[in-house]
Each structure stands twice: as C-alpha cells, then as structure tokens.
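Q: Residue numbers (our numbering), protein chains in the order written: chain A, 1 to 151; chain B, 1 to 590.
Simulated from the structure, these hints should not be mistaken for laboratory data. Be aware that a few hints might be false.
[As the list claims (entries may be wrong)] Cut-off 27 Å, straight-line C-alpha distance, at most; resulting in silico cross-link-like pairs (BS3-like, lysine-lysine):
1. A:K82 - A:K71
2. B:K491 - B:K354
3. B:K531 - A:K71
4. A:K71 - B:K491
5. A:K82 - B:K531
6. B:K527 - A:K82
7. B:K354 - A:K71
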Amino acid sequence: MSQLRRILLAEDNEHDVELTLNALAENRLANEVVVVRDGAEALDYLYRRGAYRLREEGNPVVVLLDLKMPKVDGLEVLRQIKQDASLRQMPVVMLTSSREENDLVRSYELGVNAYVVKPVEFGRFVEAVRELGVFWAVVNEAPPGSVRRSP
Amino acid sequence: MPEPAVPSRPLNARIVVGFGTALAILVAIGADSYLNALRLAENYRGVAHTHEVLSILSALYADVLDAAASRRGYALTGDEGHAERVRAAEQSIRSRLADLRRLTGDNPRQQARLGRLEPLVIQRIAQIQGAIARRRQHPYDREEQAAATLEGTRETDEIRAALGGMFAEEQALLSQRAADVEASLRRTKWVIVLGSATAGLLVAIASFLFHREFLQRERAEADLRRNEALYRAVLSQFPNGAVLLFDRDLRYRLAEGQGLQQVGLSKAGLEGRTIWEALPAETSAAIEPAYRAALAGQATSFEIPFGGRHYSVHVSPLAGAPGETLGMVVSLDITARKQAQDDVLRLNAELERKVAEATAANQELEAFSYSVSHDLRAPIRHINGFVDMLRRRLGTGLDETAQRHLQTIARASRHMGELIDDLLAFSRMGRGELIQARVSLGSLAREVIESLRPEMDGRSIEWKVDGLPDVTGDPAMLRIVLTNLVGNAVKYTRPRTRALIEIGPAAGAPGEVVLFVKDNGVGFEMKYADKLFGVFQRLHRSEEFEGTGIGLATVRRIVHRHGGRTWAEASVDGGATFYVALPAPGGESS
Chain A
1 MSQLRRILLA
11 EDNEHDVELT
21 LNALAENRLA
31 NEVVVVRDGA
41 EALDYLYRRG
51 AYRLREEGNP
61 VVVLLDLKMP
71 KVDGLEVLRQ
81 IKQDASLRQM
91 PVVMLTSSRE
101 ENDLVRSYEL
111 GVNAYVVKPV
121 EFGRFVEAVR
131 ELGVFWAVVN
141 EAPPGSVRRS
151 P
Chain B
1 MPEPAVPSRP
11 LNARIVVGFG
21 TALAILVAIG
31 ADSYLNALRL
41 AENYRGVAHT
51 HEVLSILSAL
61 YADVLDAAAS
71 RRGYALTGDE
81 GHAERVRAAE
91 QSIRSRLADL
101 RRLTGDNPRQ
111 QARLGRLEPL
121 VIQRIAQIQG
131 AIARRRQHPY
141 DREEQAAATL
151 EGTRETDEIR
161 AALGGMFAEE
171 QALLSQRAAD
181 VEASLRRTKW
191 VIVLGSATAG
201 LLVAIASFLF
211 HREFLQRERA
221 EADLRRNEAL
231 YRAVLSQFPN
241 GAVLLFDRDL
251 RYRLAEGQGL
261 QQVGLSKAGL
271 EGRTIWEALP
281 AETSAAIEPA
291 YRAALAGQAT
301 SFEIPFGGRH
311 YSVHVSPLAG
321 APGETLGMVV
331 SLDITARKQA
341 QDDVLRLNAE
351 LERKVAEATA
361 ANQELEAFSY
371 SVSHDLRAPI
381 RHINGFVDML
391 RRRLGTGLDE
401 TAQRHLQTIA
411 RASRHMGELI
421 DDLLAFSRMG
431 RGELIQARVS
441 LGSLAREVIE
451 SLRPEMDGRS
461 IEWKVDGLPD
471 VTGDPAMLRI
481 VLTNLVGNAV
491 KYTRPRTRAL
501 IEIGPAAGAP
511 GEVVLFVKDN
521 GVGFEMKYAD
531 KLFGVFQRLH
541 RSEEFEGTGI
551 GLATVRRIVH
561 RHGGRTWAEA
571 SVDGGATFYV
581 ALPAPGGESS
C-alpha cells in the first residue's frame with residue numbers, strides 16, 4: 001500500500017467506536033484512526049489544545065463525525081471546521097444513524113463533504129466503512145497540510 | 001294641521017272685535033254726550049237770552065210807569081227833580097228799546113211786535129214830556145192838569161198789550177227751550193246708559209274670552225315647559241354618554257347625559273358656548289369636520305378618546321328642527337367595550353403564544369421522534385454488529401445451537417427496531433387528556449422510592465423526604481415526573497459510598513408550589529444546564545451512566561402540560577438539584 005493516512009473518528013458511543021474500528025480493521029485502515037469521544041474533544045484535537053496540545057502538527061486527511069455527541073454535537077463541530085480557514089479544506093464525513101432530512105440538509109448547508117447513514121446490518125456497515133476509508137484515505141488527494149506518513 | 005293645544009286665530013279676532021266695538025261705542029257715547037252738552041249750552045244761552053229779553057221788557061214797562069208817575073209828581077209839586085227822572089226814564093227807555101231790537105234780531109215776530117211797541121212808547125214819552133212842558137209854562141192851569149192826568153191811559157194800555165204780546169212770545173220760547181233741554185238730557189241719559197251697558201257687556205265678553213285664551217295659553221306654555229323638562233330629564237338620564245345639540249355657529253344649544261360629569265364637563269359649561277370655547281383645542285379640531293358635515297346634512301360616526309375615556313360619537317343633522325339647522329351629537333362611553341376589545345386582543349395574543357408553545361411542543365415531539373430514530377436504533381445496530389463480529393470470530397467453530405442462538409439475537413434486535421418505530425408512532429398519538437385530581441406529592445414520592453428499590457441494591461442511600469405539598473394534576477404523569485427525578489438522583493449518586501437524596505418543598509412565585517429533588521451525586525456543568533431538559537440530551541457517556549436521555553425531557557413536558565416549569569442547579573461533582581414548580585391547587589378547583 002502507499003502511505004497510511006490519519007483518520008479522525010468522533011464518536012461518543014463505545015460500541016459504535018468498536019464497530020467502526022472493526023470495520024476499518026477489516027479494511028486494514030484501523031491503525032491510522034484517532035478516536036475522540038465527543039465534539040469538544042474533536043475540536044480540542046483539531047486545534048491541538050487540552051489533552052491534545054502536545055500532538056504532532058497537521059490535519060487528518062478525513063474527519064468521520066457522529067451527528068449526536070455529548071457537549072458539542074457533530075453539526076457544531078462541522079460548522080466550526082468549515083468556518084476556520086486552516087481547517088476548511090479538510091474533508092468531513094457525517095457518519096450517523098439519522099436518516100432525518102433535516103440533518104442531511106443542515107449538514108450540506110454547513111459544507112459537509114459526504115453524509116453516510118450507518119446501516120443496521122453489520123455486513124453492509126463494513127462495506128460502507130471500507131468504501132469510505134478507501135476513497136477518502138487512499139484514493140482522494142488530501143489538501144496541503146494534511147499529515148502523510150511513509151509505510 | 002290642527003294643533004289643539006294652541007288657541008285658534010278666530011278667537012283672537014273675536015276678542016279684538018269685542019274690545020274694538022266696546023271702544024267704538026264708548027267713543028260714540030262720548031261724542032254724543034259732547035254734542036249734547038254743546039246743544040245744552042246753546043239752549044241755556046237761549047234761555048238766558050230770553051230771560052234778558054223778559055227782564056228788559058219788564059224794566060221798559062217799569063220805566064214807562066215811572067215816567068208817568070214822575071209827570072204826575074211834577075204836576076203836583078212842580079219839583080224839577082221829577083222832570084229830571086222823566087228824562088232819565090226816557091233815556092233808559094231808548095237804550096232798552098235798542099237792546100230789545102238787538103236781542104230779538106233773530107226773531108221776526110218779536111221784531112214786528114217791537115215795531116208796533118216802539119212808536120207807542122216813544123209817543124207816550126213824548127206825551128209826558130209835553131205835559132211837563134205845559135205845566136212849566138202854565139203852573140196853575142188846573143184843567144190842563146186834569147186833562148194831562150187823564151191823557152195817556154189808552155196809550156199805556158196799548159203799551160201793556162204790546163209788551164204782553166212780546167212777553168208771551170218770550171215765555172213760549174222759554175218753555176220751548178226748557179222742553180228741548182229736557183228731551184236732550186233724556187236722550188243723552190239713554191245713550192249713556194244703553195251704550196255703557198252694551199260696551200260693558202262687550203268688554204265682559206271679550207274679557208271672558210281673553211281670560212279663557214290666557215288660561216289656555218298658560219296651560220299650553222306650562223305643557224311646553226313640562227314637556228321640555230321631561231325631555232331634558234329623559235336626556236339627562238342618558239346613560240354612559242351624552243346628547244348634544246349645536247347650531248350653525250357650532251354653539252351648543254343643549255347638553256344632557258350622565259356621561260358629562262365623568263369627563264369633567266357640565267351642562268352649564270357647554271350650553272351657549274361654541275366647541276372652541278367649551279372643549280380643549282385638540283378635541284374641537286378633531287370634531288369640527290364632523291359637525292360641519294352634519295350641518296351640511298351628512299351624518300358621521302367616529303371614535304375619540306376624551307378625558308381618559310373612550311367615546312363612540314355619532315354626529316348627524318337633527319331632522320325636524322323647526323326654523324333652523326341644528327346638529328345632534330350622541331356620544332357613548334365605550335371604554336369598557338374598548339377594554340374588552342383590548343382584552344380580546346390580549347387573549348388572542350396569549351392564544352397565539354399558546355399556539356406557538358404548542359408548535360414548540362410539536363417540534364419537541366419531532367425532536368423526540370428524531371432522537372428515537374437516531375439513538376434507539378444505535379443499540380440495535382450494536383447488537384446486530386457485535387453478534388455478527390462474534391460469528392466471524394468464532395467462524396465454523398460454533399455448533400448448530402450456538403448458531404441458532406446468535407441468529408435469534410440478530411432477529412430479536414431487528415424486531416426491537418421495529419418495536420421502536422411502533423413506539424414512536426404510539427408516542428405521536430399519545431397526547432391524551434390531562435386528568436385533574438388532587439395528588440399528595442409526599443405519598444407519591446414514597447411510592448416512587450419504593451418502586452425504585454431494585455436499583456438501590458447494595459447501595460447506601462440516606463433519604464430526606466419532608467413537607468411535600470398537595471397539588472392538582474394527573475397522578476400517573478406526576479408519578480412519571482417523580483420517578484425520573486428520583487431515578488436520576490439514585491443513578492448519579494452511584495459513585496458515592498453514602499448517597500444523600502432530599503425531596504422537599506421550595507419557595508416559588510405566588511400561586512406556585514415548588515418541589516425539589518436534591519442529590520450529592522456527580523452533578524454537571526451549569527453551562528449545559530439548558531440542554532438537560534431537551535429530548536435525548538445527555539451530559540454523560542452511556543457507559544458511565546446508562547440512560548436514554550429522555551427522562552428529563554419527559555419531566556419538562558409533563559410539567560409544562562400542567563402549566564408549571566422546571567429548572568436545575570448543579571456543579572461538577574457537587575450534586576444536582578432539580579426543581580418542579582406546579583400551579584397551587586385551588587386556583588381553579590375548590
């Protein structure tokens with residue numbers, strides 16, 4: 001494989017984290033995933049503050065955002081990313097179980113790059129995560145400033 | 001058109017004719033009496049004239065006799081004094097004859113008699129003078145004397161006869177004049193008596209008519225006054241407003257009504273004054289166009305604030321006002337109605353607010369169903385996912401029974417998803433009526449605590465439940481409220497070795513009863529406090545504290561439906577206090 005790329009996964013539910021990591025692992029993308037457990041933590045990571053103030057520089061190549069999280073929800077994180085010039089170019093994918101049209105509309109209004117509804121069937125979920133990971137972390141050329149890594 | 005109350009014109013004319021005739025009669029009587037008086041005076045002058053003629057005739061006869069007597073005296077004595085008296089008599093006789101001629105100038109018969117008398121008298125005087133002259137020349141001629149004495153007797157008789165004729169004539173004249181006077185007086189008397197009686201009668205009749213008409217007029221005027229007083233009394237009772245009349249100069253002619261005082265106006269302050277004199281400038285300016293329009297025959301209605309009250313005013317031409325153009329104003333105090341309208345508007349606004357609230361509640365319900373679709377589906381997905389992962393991991397190592405069990409779990413999770421969808425539909429339809437009953441929060445709290453016993457297994461919890469009030473509300477719903485609050489307190493004190501949970505009353509706004517549920521649990525950050533009561537809002541990860549995030553949203557919704565409010569106070573690790581305020585019982589019941 002070529003370079004491994006960093007993926008930021010913001011998800012409050014540990015089962016969802018595990019399921020997603022499992023699905024990414026099945027596609028051999030798991031090693032490059034950073035998991036944060038709510039929106040506030042996701043912003044801390046992106047802005048290198050709080051617990052993440054010592055992390056390496058550089059933006060993830062893609063952010064997978066759950067819509068509903070404690071403290072700061074996914075839409076708010078998305079809004080802040082797209083308002084910030086240094087983060088705006090980073091692709092953001094909503095990964096959520098909500099099929100509500102309202103969420104979809106608001107996400108696209110805020111400039112989301114993709115909106116993926118988690119399927120209930122695990123097999124289909126694995127497939128969705130694989131395609132997602134392959135496209136955004138491998139196929140897609142990340143904007144300048146994203147963290148790349150040699151194998 | 002006959003108007004019975006007003007005296008008729010013919011009666012007036014009759015009175016005038018009556019008095020006029022009486023006056024004419026009196027004038028006629030006066031004129032007649034005056035003429036009679038003139039005639040009487042004339043008659044009296046005639047009588048006096050006659051008496052004068054008679055006395056002159058007597059005196060003339062006396063003079064003639066005196067002259068004869070003096071001749072005889074002179075004949076006897078020769079005294080010249082007698083001769084002198086004869087001369088004086090002669091002079092007197094001449095002058096009397098002249099008088100007689102003058103006085104009887106208007107009576108030809110007397111003139112004729114005087115024509116005969118005069119020569120007789122002159123001749124007799126001449127005879128006497130002749131005798132005296134002869135005596136003087138022949139003092140002692142006795143015969144002569146005797147002849148002289150004898151002569152003259154015939155002449156004297158003739159003179160007497162002539163005088164007697166004249167005398168009789170004058171006497172006849174005198175009695176004629178007396179009879180004339182008598183007749184004239186009699187006639188005058190009758191004229192006066194009859195005329196006065198007639199005039200008096202006419203005056204009496206006219207006076208009677210006049211009096212009768214006067215009484216009628218007085219009665220009519222009294223009726224008018226009474227009617228006016230009646231109208232004014234009626235108008236003065238005009239409730240909640242006023243009736244005004246105004247003329248061409250926009251001057252008030254009448255002002256009545258109970259509403260005048262209310263705004264500091266008075267009858268006296270309006271009547272006789274123009275709108276500019278009687279009212280504030282802004283008011284008169286506002287009403288002037290309507291007043292002028294009314295005078296031009298156009299009715300207008302408008303509303304106007306005055307003296308802190310609100311009036312509905314109708315200005316119209318006064319139909320049937322005799323002789324002049326008047327306008328009528330009827331103003332009605334509509335402050336109360338206005339107030340009611342404002343109330344209606346306010347109530348409408350409130351209703352709109354309520355509708356907005358209801359809309360908000362609906363939105364909350366949508367958020368609820370949305371969250372259900374999002375959050376409740378996740379565990380199902382997890383079950384499904386982990387079962388699948390388990391199956392992959394174990395692979396073919398599973399026996400048939402284990403495979404079946406895993407399939408059952410997967411199927412059950414899908415079934416649960418379906419159940420959740422059904423539950424959502426149920427909740428959408430579950431907006432039932434609120435039951436209103438008296439609820440003892442104290443006993444309800446104890447029941448709730450009892451029902452939560454299974455979750456307190458192995459826990460050390462100190463309870464303080466005291467002084468809880470009674471409220472009016474839906475017992476089942478209030479039980480859900482307390483179950484959620486108490487359940488939360490139990491849940492979030494789990495890390496504490498000794499949990500303290502207090503339930504009691506708190507101070508609230510008037511008309512409210514407030515209860516609180518306080519714990520010494522993990523608490524939360526106050527900046528997220530407003531999120532707390534939202535549907536499926538959580539401040540803790542699900543692995544720390546289980547839960548759906550719907551409990552407090554349910555609490556708030558139920559409390560709102562009861563007309564109350566909820567709020568919370570907390571700090572991280574400092575415990576949390578949840579408040580529920582409900583309307584005090586007795587507000588609408590008992």
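Q: All the hints need checking, so say for each whether the structure fits it.
A: These are the hints, each one checked on the structure:
1. For the hint pairing K82 of chain A with K71 of chain A, the CA-to-CA distance comes to about 19 Å; that is within 27 Å, so the pair holds.
2. Between the alpha carbons of K491 of chain B and K354 of chain B the distance comes to roughly 35 Å, so the proposed pair goes past 27 Å and is violated.
3. As the CA atoms of K531 of chain B and K71 of chain A are separated by approximately 9 Å, the hinted pair is consistent with the 27 Å bound.
4. A C-alpha spacing of about 20 Å is found between K71 of chain A and K491 of chain B, which places the hinted pair at or below 27 Å, so the restraint holds.
5. For the hint linking K82 of chain A to K531 of chain B, the alpha-carbon distance of about 24 Å falls within 27 Å, and the restraint holds.
6. Distance check on the hinted pair: K527 of chain B and K82 of chain A sit about 24 Å apart at the alpha-carbon level, within 27 Å; holds.
7. At roughly 31 Å between alpha-carbon atoms, K354 of chain B and K71 of chain A are farther apart than 27 Å, so this suggested pair is violated.
The structure does not agree with the numbered hints 2, 7 stated previously, though it agrees with the rest.
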